[in-house]
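A.B. asks: In this note's numbering, the protein residues as written are 1 to 63.
Where hints are given, some of them may not hold.
Computed spacing ranges between beta-carbons, pair by pair [what the hints assert, rightly or not]: (1) 17 - 38: 18 to 26 Å; (2) 11 - 32: 21 to 29 Å; (3) 1 - 29: 20 to 28 Å; (4) 38 - 14: 35 to 43 Å; (5) 15 - 35: 33 to 41 Å; (6) 27 - 2: 37 to 45 Å.
Keep in mind that the hints were calculated from the coordinates and are not lab data.
By construction, the Cβ of each residue, glycine as well, lies at the ideal position given by its N, Cα and C atoms.
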Amino acid sequence: MTREQKKYYERFSGFAINCARLINGLDWRIPSNKEWGRQLIRASGSVGANYSPRKTNLPHLIV
1 MTREQKKYYE RFSGFAINCA RLINGLDWRI PSNKEWGRQL IRASGSVGAN
51 YSPRKTNLPH LIV
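Please build the complete structure, drawing on both the sequences and the hints.
C.D. replies: Next comes the structure, spelled out in structure tokens:
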């Protein structure tokens with residue numbers, strides 16, 4: 001694994017884990033948190049959509 005690939009992997013996995021922790025900690029009864037959580041899920045999904053294992057040869061991450 002090259003240095004650039006390792007750096008990308010660490011950033012991507014760190015972001016995915018932090019998103020999961022934050023979303024799990026939200027109080028979904030509050031409407032603003034619910035909408036904010038949905039936006040965060042959409043944002044983290046776009047990061048996953050832009051992730052290309054063919055370009056980086058890194059394993060898939062599932063959180």
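A.B. asks: Give a verdict on every hint.
C.D. replies: Status of each hint after checking the structure:
no.: 1; hint: 17 - 38: 18 to 26 Å; result: holds (19 Å)
no.: 2; hint: 11 - 32: 21 to 29 Å; result: holds (28 Å)
no.: 3; hint: 1 - 29: 20 to 28 Å; result: violated (43 Å)
no.: 4; hint: 38 - 14: 35 to 43 Å; result: violated (22 Å)
no.: 5; hint: 15 - 35: 33 to 41 Å; result: violated (20 Å)
no.: 6; hint: 27 - 2: 37 to 45 Å; result: holds (42 Å)
Violated hints, in rising order: 3, 4 and 5; the structure is consistent with all others.
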